[in-house]
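These protein sequence lines are chains A and B, in that order. Sequential numbering of the first sequence, starting at 1, is according to the working numbering. Sequential numbering of the second sequence, starting at 339, is according to the working numbering.
It should be emphasised that the hints constitute simulated quantities derived from the structure, not laboratory data. Warning: the hint list may mix true and false statements.
[Unchecked claim] EDC-like mimics (lysine to aspartate or glutamate), calculated; alpha carbons at most 16 Å apart, straight line:
1. B:Lys444 <-> A:Asp54
2. B:Lys354 <-> A:Asp131
3. A:Lys290 <-> B:Asp595
4. B:Lys398 <-> B:Glu417
5. B:Lys398 <-> A:Asp116
6. A:Lys51 <-> B:Asp442
7. B:Lys640 <-> B:Asp674
8. B:Lys633 <-> A:Glu32
9. B:Lys345 <-> B:Glu391
10. B:Lys636 <-> A:Asp16
11. A:Lys51 <-> B:Asp451
12. A:Lys171 <-> A:Glu213
13. B:Lys444 <-> A:Asp57
14. A:Lys9 <-> B:Glu670
15. B:Lys633 <-> A:Asp16
16. B:Lys586 <-> B:Asp611
17. B:Lys448 <-> A:Asp57
18. B:Lys448 <-> A:Asp54
19. B:Lys354 <-> A:Glu92
[Stated by the list, open to error] Here are the in silico distance ranges between beta carbons for each label pair:
20. A:Asp131 <-> B:Arg734: 52 to 62 Å
21. B:Glu391 <-> A:Tyr28: 43 to 53 Å
22. B:Glu417 <-> A:Pro18: 29 to 39 Å
23. A:Glu32 <-> B:Leu532: 47 to 57 Å
24. A:Tyr28 <-> B:Lys398: 51 to 61 Å
25. A:Val6 <-> B:Asp739: 45 to 55 Å
26. B:Asp617 <-> A:Arg327: 26 to 36 Å
27. B:Lys398 <-> A:Pro200: 22 to 32 Å
28. A:Asn263 <-> B:Gly372: 43 to 53 Å
29. A:Arg337 <-> B:Arg728: 42 to 52 Å
From the three backbone atoms N, C-alpha and C, an ideal C-beta is built for every residue, glycine too.
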Amino acid sequence: MHPVLVENKGNWKWHDRPQPGVLHHVSYSGDEVWTVKAGTQRQMDVYTVRKLCDIADQFADGYVRFTVRSNIEFMVTDEKKVQPLIDKLKAEGFPVGGTGNSVTMISHTQGWLHCDIPGTDASGVVKSLMDELHAEFIREEMPNRVKITTSCCQINCGGQGDIAVNVQHTKPPRINHDLVAGVCERPSVIARCPVAAIRPAMVNGKPSLEVDEKKCVCCGACFPPCPPMQINHPEFTRVAIWVGGKHSSTRSKPTFHKLVAANIPNNPPRWPEAADVVKRILRAYKEDAKAWERVGEWIDRVGWPRFFELTGLPFTKFHLETWKGGRPALNASAQVRF
Amino acid sequence: MAKQMHKTPMLDELEKGPWPSFITGIKRLAQSEGKPYADMMKDLLGQLEHSYETRLGYWKGGAISVLGYGGGVIPRFSEVADKFPLSSEFHTLRIMPPAGMHYDTKTLRKFCDIWEKYGSGLIAFHGQSGDIMFQGCRSENVQPAFDEFNEMGFDLGGAGPAVRTSTSCVGAARCEMSCYDEQKALRECINSTLDDMHRPALPYKFKFKFSGCANDCSNAIHRADMAVIGTWADDMQVDQAEVKNYVKKLGRKGIIDQVISMCPTRALSLNDDDTLDVDNRSCVRCMHCLNVMTKALKPGKKRGAAILVGGKRTLKVGDMLGSVVVPFMKLEDDEDYEALVELGQKIIEFFAENALEHERVGEMIARIGLGTLLEGLEIGVDPNMINHPRTNSYVRIDGDDWEAEVEKWNERKAAAAE
Ligand code: HEM
Ligand code: SF4
Ligand code: SF4
Ligand code: SF4
Ligand code: SF4
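Next comes chain A alone, as it looks inside the complex (with noise of 0.2 Å):
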C-alpha cells in the first residue's frame, strides 16, 4: 500500500475530482493525493503487467491498487506528476477515465475463456462493449454512475447493475440419454431444478432423466452438475438486457434489475445487437434523468412507459412476473401514466 494512504489512514478530510480519471483526496493531516484512474483488459499478459509495473515505477512510487471493475489505480503525491501519467497512460493504450458519474467498466466474468457451463463469452463482450463506451468511460458527463455487468449464463456471476447483458436460454435442455447414468448424480439433478421440472426416466433401458418441457424455465440450473443436459446452444442462447440494479443504500434502497430486452442474438465476435440496447438505453437516460438519479431511480421517476417510449423497446408479455411471490411487481394503484 502507498505509504501516505498508510500514514492517512482513516484521517481523509474531502475529496474532490479535478478531472475525469482523477481523484484528490486531501487529509487532515495536509497530506494531499492524486489517484488517477485507467481501465484494464482484467485478463492480462504478463508483458501488460509489467508495463503497468514501469508506468507505477515511474510515476507513483512503484505502488498500484485494483478496483472492484478492474480497473487501476494509481496514486501520486505531487500534482505535476498527474497529467504526464495521464498523457502516458494513453500513450500505453490504457483510457483514463472511469470516476465520478462515468460508464465504468464493465463487471466481468469467465466466459468461454474459462468458464465450463458458459452460453457466450464474457471478456470478448467487454472488450466490445467498451470500446463502444469509450467516450463515456473517459468523460463524466451521466446522471450518475452508470454499472454495466454481464454474465455469460443465467447463474449470472456478474451481479447486479445499472444495466445487464445476459445471458438467456430459451430452450430446454436436450438430454444425452446414453451419458446420463454414468456422470449425474440424479437425485441432485432433480432437487436443483426450481420449478421440478425433472423427473427420473427409464430411457432406452437405461436409467435416465426427462424433463417437462411445459415446466422447465429454461434456467440451466440442471447442467453443472449433469453436464450431459446440454442448454448452451449456437441459436437459441440468446442475449437479455436488465435495468436498474443497484447495489448501494443511496438515496433509494438497493434494487434489482429488471428485464426490458431480450431474444437478442449472442453474436460474437462482436455482439452488435446487444450494443445497441445497451446505447439506446444510455442515451436516454443521459438525456432525460435529472442529477444523481441511478438509471432505476429515473425510471422510479418517469415510468415504466415513458421508459418503453423514451428507449423505443417494446413492451410484452414476458416483461409481467410470473414467479411465485412475484404479485407485488404488479400495479395495485390507482396510479397511471400517460
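Fit chain B with the ligands to the given chain A structure using the hints.
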C-alpha cells in the same frame, strides 16, 4: 520448428477499438517463442476461436487440489483436446489478494515471474469474488506454482462449498466516508475462517464483503452472505461554512434539487441563511448528501457497521438482498473487531448446521424465518430489521408467548439504556 499460430479471424476483430484487448495480450504470450507457455497459448487461441465460431464452450471440470487444501484450484480440461492438445489442461489458481487490492510493483513482478515459469502468463485482476485468477496451469505445475505463491505469503482462496475470498472497498485507506477499518475487518474475519475456506465442508459457498459506508463500493448487500456496511450512530458532522460555499457554487435551487429534495427521508432542509438543518433522527445514513457536499458533510464520530446476511445471486430461487441482523455494531477497538469475528463464526456455524445441501444463507432464512436465525445467534429483534411489520394474519400468538417477548424487549431496552 515453432508451432504455427491458428487462424483467428473472429478474435482478430477484438483487437480493434480503443479499449485494451485481452486478445492482443494472449497473442503476445503465444508468440513468445521459447517460453514454456507459448505453444499452449497458441492452442488456447485456437480453442477460443472455435468457441466463437460454434458459439459453444468447451471446458469441463475435474478434481485438482494442492497438498493440504480441498479447494482453491479450478480445474479445466478441454473437450476439444484432439484439435488443440497443448491447452488441454488449463487450470486456474484462485489466490487471495491483499485487502483493498493494494500492491507494490515488486509483488506484481514476482507474480509475473512465477506465472511465466509454471503457468500461461495470463492473470486476471480480479475475479468478482476478489481473487487473483492465475489462469492456465497444467496439472503437474499446480503444486509448485502454489508453493512459490505461498512462499511470498499468498494463500489460496476458496472454491466449492466453502468460505470464499473476500473483498473490501478502498475505505479508510483513501476515503473520507469510511466508518471503520475495512482492511482489518476483512483480514480478521478471513483469518479466523481459513479452515472453512481451505476444506470445503459447508452446505454451500459463504462470502463476506466489507464496505465502509452505504455507498457499498464492494457490492456487499447483493453479493455477500455476510455484508459489513459502515455507518454511524450519532449526528453527522456539518461544516456550515462549507455548506454556504456549496450554496454559492450550485445556487439555492441547485442545492434544493440536488440535495434537499433527494434525501430519501426528508431529513434535510435549507435554512434562510444558507446553512443546513439536519434531522438526524430521521436520517438513514444513505450517504447521498455527503456524496454531493464532500467538503461540508462527514459521517458522525460514533462509527461502526450494520451487518446484513443472506445476499446472493440467482440460483435457485432468484436474487436476494442481505437482511439486517445487527443494525449497528461499534467498530473502534480490538474488542469490537473480535466481536465481529465471533458473529461471523456464529453465522457460519449456524449455517453449517441448519442449511440444506446447496442452500445459501439467504435461502435458509427464507425457509426458517429470520426469527429462528436470530434466536440461533442470540440476537434480539429490532425494528431496524424490517421495512414494516407483518401484514399476513396467519400467525399464532399464544397469550403468554406475547408477554414473554414483551419482557425480552423491555429487558433489552433497559440494558441498552445503562
Ligand atoms: C460449475 C459451476 C460454477 C463455476 C465454474 C463458477 C465460476 C465462477 C467464477 C469463475 C466466478 C468469478 C467470476 C469472475 O469474476 O470471473 C464466479 C462468481 C460467482 N458465482 Fe459462480 N460458478 C459456478 C457456479 C455458481 C453457482 C451455482 C452460483 C449460484 C449461486 C454462482 C454464483 C456466483 C456468484 C454470485 C458470483 C459472484 C461472486 C461475487 O460477487 O463475489 N456460481 N463463479
Ligand atoms: S456467469 Fe455462468 S458461465 Fe459465466 S462465469 Fe459465472 S457461472 Fe460461468
Ligand atoms: S433448465 Fe432449469 S427449469 Fe429446465 S429442467 Fe433444467 S433446472 Fe429445470
Ligand atoms: S463504500 Fe463508502 S467508505 Fe468504502 S470506498 Fe465506497 S464511499 Fe468510501
Ligand atoms: S445521509 Fe441520506 S438520509 Fe441522511 S440526511 Fe443525507 S440524504 Fe438524508
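Going through the hints against the structure:
Distance hint between B:Lys444 and A:Asp54 is fulfilled; the C-alpha atoms sit about 11 Å from each other, no more than 16 Å. Note on B:Lys354 and A:Asp131: the hinted pairing holds, with a Cα-Cα distance of about 8 Å set against a maximum of 16 Å. Proposed proximity of A:Lys290 and B:Asp595 is supported: the alpha carbons are some 9 Å apart, at most 16 Å. Proposed proximity of B:Lys398 and B:Glu417 is supported: the alpha carbons are some 7 Å apart, at most 16 Å.
For the proposed pair B:Lys398 and A:Asp116, the alpha carbon gap of about 5 Å is at most 16 Å, so the pair holds. Taking the CA atoms of A:Lys51 and B:Asp442, the gap is near 14 Å; set against the 16 Å cutoff, the hint holds. Simply put, B:Lys640 and B:Asp674 have alpha-carbon atoms about 13 Å apart, close enough for the 16 Å limit, and the pair holds. Distance check on the hinted pair: B:Lys633 and A:Glu32 sit about 14 Å apart at the alpha-carbon level, within 16 Å; holds.
The straight-line distance between the Cα atoms of B:Lys345 and B:Glu391 is roughly 12 Å, inside the 16 Å bound, and the hint therefore holds. Distance restraint check for B:Lys636 and A:Asp16: the Cα-Cα separation of roughly 14 Å lies within the 16 Å cut-off, and the hinted pair is therefore satisfied. Straight-line distance between C-alpha atoms of A:Lys51 and B:Asp451 comes to about 14 Å, which keeps the hinted pair within the 16 Å bound. Under the criterion of a C-alpha separation no larger than 16 Å, the hint pairing A:Lys171 with A:Glu213 is consistent with the structure, at around 9 Å.
As the CA atoms of B:Lys444 and A:Asp57 are separated by approximately 10 Å, the hinted pair is consistent with the 16 Å bound. For the proposed pair A:Lys9 and B:Glu670, the alpha carbon gap of about 14 Å is at most 16 Å, so the pair holds. For the hint pairing B:Lys633 with A:Asp16, the CA-to-CA distance comes to about 8 Å; that is within 16 Å, so the pair holds. Distance hint between B:Lys586 and B:Asp611 is fulfilled; the C-alpha atoms sit about 12 Å from each other, no more than 16 Å.
A threshold of 16 Å between alpha carbons decides the hint, and for B:Lys448 with A:Asp57 the separation of about 15 Å falls inside it, so the pair holds. The hinted pair formed by B:Lys448 and A:Asp54 meets the criterion: a straight-line CA distance of about 13 Å does not exceed 16 Å. Between B:Lys354 and A:Glu92, the direct Cα distance comes to roughly 15 Å. Compliance with the 16 Å bound is thereby established for this hinted pair. As the Cβ distance of A:Asp131 to B:Arg734 is approximately 60 Å, the hint placing it in 52 to 62 Å holds.
Our hint of 43 to 53 Å for B:Glu391 and A:Tyr28 is violated, since their Cβ atoms are close to 58 Å apart. The hinted range of 29 to 39 Å is not satisfied by B:Glu417 and A:Pro18, whose Cβ atoms lie roughly 51 Å apart. A hinted range of 47 to 57 Å is violated for the C-beta pair A:Glu32 and B:Leu532, which are about 38 Å apart. The hinted range of 51 to 61 Å is satisfied by A:Tyr28 and B:Lys398, whose Cβ atoms lie roughly 55 Å apart.
Under the hint 45 to 55 Å, the C-beta atoms of A:Val6 and B:Asp739, about 54 Å apart, fit the expected range. In this structure the hint that B:Asp617 and A:Arg327 lie 26 to 36 Å apart at CB holds, the actual value being about 35 Å. At roughly 24 Å, the beta-carbon separation of B:Lys398 and A:Pro200 lies within the given 22 to 32 Å, and the hint holds. Roughly 48 Å separates the CB atoms of A:Asn263 and B:Gly372, a value that falls within the hinted 43 to 53 Å.
At about 31 Å, the beta-carbon gap between A:Arg337 and B:Arg728 misses the expected band of 42 to 52 Å.
The earlier numbered hints that this structure contradicts are 21, 22, 23, 29.
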